[in-house]
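Engineer: Sequence:
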Amino acid sequence: MSEQSYRSAGTLLAQLASGETTSVALVNHYFSRMAQFNKPLNAVVQQHYALALEAAARADRERLEGRARGVLHGLPCTVKESFDVQGWLTTSGAHYLKDNRATQDAPSIARLRAAGAILMGKTNVPMMTADWQTYNDLYGTTHNLWDRQRSPGGSSGGAAVAVAADFTPVEFGSDLFGSLRIPAHYTGVYAHRCSLGLMSVRGHVPGGGPQATDEPDLSTAGPMARSAADLRLMMRALSTFWVEPPRIPDFSRYQAKANYRVCTWFSAPHHEIDQQIAQRFQSFIDKLRAQPGVEVDDAMPADIDPDALFDIAVKLSGRLVSTALNGRQRLTAGLAALGFRLVGKLADVPEGITSYYQGMLKDSGEQRNTDKLRHEYSRVIETLFARYDVFVDTCQPGAGVCAHAAAGA
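Read in full-length UniProt numbering, the sequence shown has 28 at position 28, and its numbers run on one by one without any break.
Among the hints, a few may not be true.
[As the list claims (entries may be wrong)] The calculated EDC-like cross-link candidates involving lysine to aspartate or glutamate, where the alpha carbons are at most 20 angstroms apart (straight line), are: (1) K287 - D217; (2) K372 - D311; (3) K372 - D303; (4) K257 - D217; (5) K98 - D147; (6) K372 - E382; (7) K287 - D298; (8) K257 - D286; (9) K372 - D217; (10) K372 - D305; (11) K372 - D307; (12) K39 - D137; (13) K39 - D147; (14) K287 - E382; (15) K287 - D303; (16) K39 - D166; (17) K257 - D389; (18) K257 - D297.
No wet-lab data here; the hints were simulated from the structure.
Sequences are here, hints too, so could you generate the full structure?
Structural biologist: What follows is the structure, given as structure tokens:
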């Protein structure tokens, strides 16, 4: 492995500032890694070498002239395929969007550029970003770099593999239902689903266009990197409230807390986790419990029903995906919801499938009921956040990393 590989974003920015390296050299390094290793992994599905090299040369000139644009000046990166980048395709893996070329940057992509980042390409997603694996008919399957028989998760699976394989130091993705967190968990990198509204998700498919006046419901954007320090760097560069804000936090001022309460929740009926993972988490909790001033509660409070929360989240996920469907596709979703409801009485249907398709429908009564339950649970969860400082939980129930379901899936 080259000594140039796997450097953190913070290290790269320091080397750029000191003149130890250049943006052109970094772009060439990452495209060289993609040429060597990307094909069997299928992580970066759009590569724009000429554009990246041009932007890198411009960034190097600006630095020499004392005109650095922001905290990410000259840093190469990739972005999730579902975000609009002017002149690039945004398909979200759907055939009916195969010729959809963005006419302008999504707001968060524009902010990424304004901070000085250099866009190298786009990473793979499942169709409509609506799965916990990463396969679609347009780009194919993304494989976990640690074991190509296994999935990197989804929907930011291409992003996670690109970061873990050092095709990019950082990545920008989205998360509605684990789309950043699950792939990071599967590939051994770091990701952050930020607070709603802190980073714009407009200009994302599915969701609102770049000129939309409101943010897509429940979905957030966020960074992915190989260290928590690089996540903080990305948050500092990109954070600004796009909806009516509370006060924007100053991340640099946060200090370690001497006394705090921790809530742990490793397992629940229908949500059991692998025993080896449970043992690792328990070892971590035992170390926490031994720290002075730390109080640990071992179970989620009884007023939280994980099955009800899952059902609400799946319906809201289906609602968001429906924003990218035409009338015929929405009718198909309605028939699917009816079919799964009927079949479910006779055979096992994967948990959440019926609710997902129900969420795609424009049934105002169903949507009002879902919103009512959502707000009720929001109040319950707000009381938990007031009670505890830290929540420690597994990313998913079951085993640590899932195998591909089938060939091409």
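Engineer: Work down the list of hints and note, for each, if the structure agrees.
Structural biologist: Going down the list of hints, with the structure as the test:
no.	hint	result
1	K287 - D217	38 angstroms, violated
2	K372 - D311	13 angstroms, holds
3	K372 - D303	16 angstroms, holds
4	K257 - D217	33 angstroms, violated
5	K98 - D147	30 angstroms, violated
6	K372 - E382	16 angstroms, holds
7	K287 - D298	14 angstroms, holds
8	K257 - D286	18 angstroms, holds
9	K372 - D217	15 angstroms, holds
10	K372 - D305	15 angstroms, holds
11	K372 - D307	16 angstroms, holds
12	K39 - D137	16 angstroms, holds
13	K39 - D147	15 angstroms, holds
14	K287 - E382	27 angstroms, violated
15	K287 - D303	28 angstroms, violated
16	K39 - D166	14 angstroms, holds
17	K257 - D389	9 angstroms, holds
18	K257 - D297	18 angstroms, holds
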